[in-house]
Amino acid sequence: MKIIQTFFCVLAILVLSVLYVGLVVCALLSILAGILRTFGLEQIKMSIWQDINLPISLSIPFSLIISLLLFFCSLYVKRSMTFCLSKLKH
1 MKIIQTFFCV
11 LAILVLSVLY
21 VGLVVCALLS
31 ILAGILRTFG
41 LEQIKMSIWQ
51 DINLPISLSI
61 PFSLIISLLL
71 FFCSLYVKRS
81 MTFCLSKLKH
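Under UniProt numbering, think of the first position of the sequence shown as 1, with each following residue one higher.
It should be emphasised that the hints constitute simulated quantities derived from the structure, not laboratory data. Please read all numbers here as calculations on a predicted model, not as lab measurements. Using N, Cα and C, we set each Cβ at its ideal position, and we do this for glycine too. It cannot be assumed that every hint is accurate.
[To be verified] Restraint-style ranges between C-beta atoms, simulated for each label pair:
1) His-90 / Ile-48: 24 to 32 Å
2) Phe-71 / Lys-45: 19 to 27 Å
3) His-90 / Leu-64: 36 to 44 Å
4) Arg-79 / Leu-29: 18 to 26 Å
5) Leu-32 / Lys-2: 42 to 50 Å
6) Val-18 / Gly-40: 28 to 36 Å
7) Leu-14 / Leu-75: 14 to 22 Å
8) Asp-51 / Met-1: 52 to 60 Å
9) His-90 / Val-21: 24 to 32 Å
10) Leu-29 / Phe-8: 26 to 34 Å
11) Phe-71 / Leu-36: 13 to 21 Å
[To be verified] Keeping only pairs whose Cα atoms sit at most 25 Å apart, straight-line, the calculated DSS-like set for lysine-lysine is:
12) Lys-78 / Lys-2
13) Lys-87 / Lys-2
14) Lys-78 / Lys-89
15) Lys-89 / Lys-2
Work out the full structure, taking the sequences as your base and the hints as a guide.
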């Protein structure tokens, strides 16, 4: 039974670590995209819904809200990773 639990914890740590890194990178890219779009990079498109574009003046606040949500989710993923690591240490 301990072998099965260890196996699933190792798999969970691998998946959660990839998810954690992806969430943090996307949060940083969101902030960068908001800043670049505000200062004139027209290739970056931000929309709230299909065919509803976000005004350029709201790019930084919108990207900060999205990045905060991504960072908040990454905290829970990190908490799950530490839980799996604690299960492996016992």
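### Query
Of the hints stated earlier, which fail here?
1
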